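Peer 1: What follows is the residue order along each chain.
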Amino acid sequence: MKETPLSNCERRFLLRAIEEKKRLDGRQTYDYRNIKITFGTDYGCCIVELGKTRVLGQVSCELVSPKLNRATEGILFFNLELSQMAAPAFEPGRQSDLLVKLNRLLERCLRNSKCIDTESLCVVAGEKVWQIRVDLHLLNHDGNIIDAASIAAIVALCHFRRPDVSVQGDEVTLYTPEERDPVPLSIHHMPICVSFAFFQQGTYLLVDPNEREERVMDGLLVIAMNKHREICTIQSSGGIMLLKDQVLRCSKIAGVKVLEITELIQKALENDQKVRKEGGKFGFAESIASQRITAFKMEKAPIDTSDVEEKAEEIIAEAEPPSEVFLNLLRVSKPVLWTPGTAQIGEGIENSWGDLEDSEKEEDDEGGSDEAIILDSIKMDTREVSNIGSQDAPIVLSDSEEEEMIILEPDKNPKKIRTQTISAKQEKAPSKKPVKKRKKKRAAN
Amino acid sequence: MEGVMQTDAKMRTESGAESSPRGPGCSLRHFACEQNLLSRPDGSASFLQGVAEKSRERLIRNTCEAVVLGALHPRTSITVVLQVVSDAGSLLACCLNAACMALVDAGVPMRALFCGVTCALDSEGTLVLDPTAKQEKEARAILTFALDSVERKLLMSTTKGLYSDAELQQCLAAAQAASQHVFRFYRESLQRRYSKS
Numbered sequence: 001m002k003e004t005p006l007s008n009c010e011r012r013f014l015l016r017a018i019e020e021k022k023r024l025d026g027r028q029t030y031d032y033r034n035i036k037i038t039f040g041t042d043y044g045c046c047i048v049e050l051g052k053t054r055v056l057g058q059v060s061c062e063l064v065s066p067k068l069n070r071a072t073e074g075i076l077f078f079n080l081e082l083s084q085m086a087a088p089a090f091e092p093g094r095q096s097d098l099l100v101k102l103n104r105l106l107e108r109c110l111r112n113s114k115c116i117d118t119e120s121l122c123v124v125a126g127e128k129v130w131q132i133r134v135d136l137h138l139l140n141h142d143g144n145i146i147d148a149a150s151i152a153a154i155v156a157l158c159h160f161r162r163p164d165v166s167v168q169g170d171e172v173t174l175y176t177p178e179e180r181d182p183v184p185l186s187i188h189h190m191p192i193c194v195s196f197a198f199f200q201q202g203t204y205l206l207v208d209p210n211e212r213e214e215r216v217m218d219g220l221l222v223i224a225m226n227k228h229r230e231i232c233t234i235q236s237s238g239g240i241m242l243l244k245d246q247v248l249r250c251s252k253i254a255g256v257k258v259l260e261i262t263e264l265i266q267k268a269l270e271n272d273q274k275v276r277k278e279g280g281k282f283g284f285a286e287s288i289a290s291q292r293i294t295a296f297k298m299e300k301a302p303i304d305t306s307d308v309e310e311k312a313e314e315i316i317a318e319a320e321p322p323s324e325v326f327l328n329l330l331r332v333s334k335p336v337l338w339t340p341g342t343a344q345i346g347e348g349i350e351n352s353w354g355d356l357e358d359s360e361k362e363e364d365d366e367g368g369s370d371e372a373i374i375l376d377s378i379k380m381d382t383r384e385v386s387n388i389g390s391q392d393a394p395i396v397l398s399d400s401e402e403e404e405m406i407i408l409e410p411d412k413n414p415k416k417i418r419t420q421t422i423s424a425k426q427e428k429a430p431s432k433k434p435v436k437k438r439k440k441k442r443a444a445n
Numbered sequence: 001m002e003g004v005m006q007t008d009a010k011m012r013t014e015s016g017a018e019s020s021p022r023g024p025g026c027s028l029r030h031f032a033c034e035q036n037l038l039s040r041p042d043g044s045a046s047f048l049q050g051v052a053e054k055s056r057e058r059l060i061r062n063t064c065e066a067v068v069l070g071a072l073h074p075r076t077s078i079t080v081v082l083q084v085v086s087d088a089g090s091l092l093a094c095c096l097n098a099a100c101m102a103l104v105d106a107g108v109p110m111r112a113l114f115c116g117v118t119c120a121l122d123s124e125g126t127l128v129l130d131p132t133a134k135q136e137k138e139a140r141a142i143l144t145f146a147l148d149s150v151e152r153k154l155l156m157s158t159t160k161g162l163y164s165d166a167e168l169q170q171c172l173a174a175a176q177a178a179s180q181h182v183f184r185f186y187r188e189s190l191q192r193r194y195s196k197s
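Same order as they appear, the protein sequences are chains F and G.
Residue numbers 1 to 445, in my numbering, belong to the letters of the first sequence in order.
Residue numbers 1 to 197, in my numbering, belong to the letters of the second sequence in order.
One should not assume that every hint holds.
[What the hints assert, rightly or not] Now the stretches of chain F that chain G is said to cover, found in silico as 3 or more residues with beta-carbon under 8 Å: (1) 32 to 44; (2) 84 to 94; (3) 103 to 114; (4) 282 to 294; (5) 298 to 309.
[Unchecked claim] Pairs of lysine-lysine residues, derived as DSSO-like cross-links and limited to a Cα-Cα distance of at most 30 Å, are as follows: (6) G:K54 to F:K311; (7) F:K311 to G:K160; (8) F:K311 to G:K153; (9) G:K153 to F:K274; (10) F:K300 to F:K311.
[Claimed, not checked] Going by beta-carbon spacing under 10 Å, a handful of chain G positions derived as facing chain F: (11) E34; (12) L69; (13) H73; (14) A88; (15) E136; (16) Q170; (17) A177; (18) F185; (19) Y194.
By construction, these hints were calculated from the structure, which means they are not laboratory data.
Keep in mind it's a predicted model, so treat the numbers as computed, not measured.
For each residue, glycine too, the CB sits at the ideal point set by N, CA and C.
Work out the full structure: start from the sequences and follow the hints.
Peer 2: Pasting the structure below:
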């Protein structure tokens, strides 16, 4: 969906407000929004909220062979996805520019700064190394994605624990989390991105722009720094021309902000560690604030299933036997086994491409009398039928998403089944009630 | 001109520190939900409970289509986006619950609410509702049902594994009993949400 255009009034209003050093949410020029970090039950899963911008970060690991030119280093893989729920404009096909830019910036910030010790990820040089994968999903876009994403990435990496491995000579033993406690990654420093938005050709600047401010900004300067005041990455986009002292001033501000954010991250990690050690409850369930009116929790609840068996027996006793049409069909056409794995039911009829309209009309009357209950078992057939279609016989079933029901026509059935491998389940297919939907545009199958 | 409504459901299936085995008799794990938590979409909900992708999407879509009153919004596309935050078993049921709450939060007119319930049958034939990931792996059959709120009728069912028709009916009856509980949860959380207006 196209982004709703920003009206000129709004643009003028925002710019005027910025000129008067006012921000819509009441922040000061250098203020960050509230940062909230919550962890999930698994190690390496966290959600970071920067104001209303929400990013989910998840770290996972796998043992793989190393890259040929880096035989003793582990592999790091970063991926940021802009979920469609984050903003109406983020449709699956349409986000490429922004996505590429953000991913590239994240990679430079985290990979090139060497914040993770990749040498420690090596298990057997040249053969087995750990591949660490960081997946970030943007859940809500209210500006400043890159800051939130970089915080989520580094928090998830600090929170993550990989399984313990021991190497004795040639033998490599991988311990499960139950056998030996998982081991944290070795992280040298925590690079965090700080964004500066510039307005009016560099005259005014704001830290942590929100979505509206981002729309009216002229350019963006992103500085990734760690708490030791080392710059990991710096990027200026938008074509604004900045003076040297502006950039230096921004880096000083970034230094202060990064210190604050790093403290917050450490505190959050420690809290989570403490709760886990003490055996308290942790995870996203606990982090839902119970005082909020939009949140609600209910405890574990027992369900009384004592009368389930009686009810079931009643239903089965009262159920109608399958209708006459199918019983006839079963009697008339017995399955013939050609070879193990290939069987045939019925003879099939001649191709009636020519008289499509007439044949459909006839069957409609026959099949119309049965009440069709759409069982998901019919869907199962569709899946199996379309699976077999991928083998040699080109059975083209309509696989478009609009058509939910498949046509199981009583005497057309054999034609489909003839070229299929019949499993025990499918032999019962004729006994299912046919679901008819009159679709003239469908070619006869 | 086309109108578009966005309804998103971020959903997590986990239940805090729960790792103890469930005793005889069935129980549903701890539930929690949060509504209207995202500012960009029209409605959003987070639901925690305790190639495959495409198939799941289609199942959820069909369930929603059966329930949403599409005739009231012609030429409109309703997009439901689900993000799995973590999976601790009964994923499809949790997706269904989250989708329903998100549709309610967005104000989409529906003819009924719906909920998802998963049953697992283990090798001895014991029925377990709302199985954890471990129970799902060891089960002989896993059945997921979507039930509607008006008469507890079946909207969608998807099953994996081997089971008899008596067991199917038993699971269905158990799921109907469990769905009462889920609908009560919906009702109470919505009452709470709109209690100050």
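Peer 1: All hints are to be evaluated individually against the structure, with a verdict given for each.
Peer 2: Hint by hint, here is what the structure shows:
1. 32 to 44: holds (count 3)
2. 84 to 94: holds (count 5)
3. 103 to 114: violated (count 0)
4. 282 to 294: With 9 residues in contact (Cβ-Cβ under 8 Å with chain G), the coverage given for the region 282 to 294 of chain F holds.
5. 298 to 309: Holds, because 11 residues of the region 298 to 309 of chain F bring their Cβ atoms closer than 8 Å to Cβ atoms of chain G.
6. G:K54 to F:K311: violated (34 Å)
7. F:K311 to G:K160: With a Cα-Cα distance of about 23 Å, the restraint between F:K311 and G:K160 holds, given a limit of 30 Å.
8. F:K311 to G:K153: holds (15 Å)
9. G:K153 to F:K274: Violated, because 46 Å separates the two Cα atoms, which is more than 30 Å.
10. F:K300 to F:K311: holds (25 Å)
11. E34: holds (4 Å)
12. L69: Cβ of G:L69 sits 18 Å from chain F, so the hint is violated.
13. H73: This interface hint is violated because 15 Å lies over the 10 Å limit.
14. A88: holds (7 Å)
15. E136: Interface hint status for G:E136: violated (17 Å vs cutoff 10 Å).
16. Q170: Hint on G:Q170: holds, closest Cβ of chain F at ~4 Å, below 10 Å.
17. A177: Result: holds, 5 Å to nearest chain F Cβ.
18. F185: holds (5 Å)
19. Y194: For G:Y194, the interface hint holds, since the closest Cβ of chain F sits about 9 Å away, which is under 10 Å.
Of the numbered hints stated above, those contradicted by the structure are hints 3, 6, 9, 12, 13 and 15, listed in ascending order.
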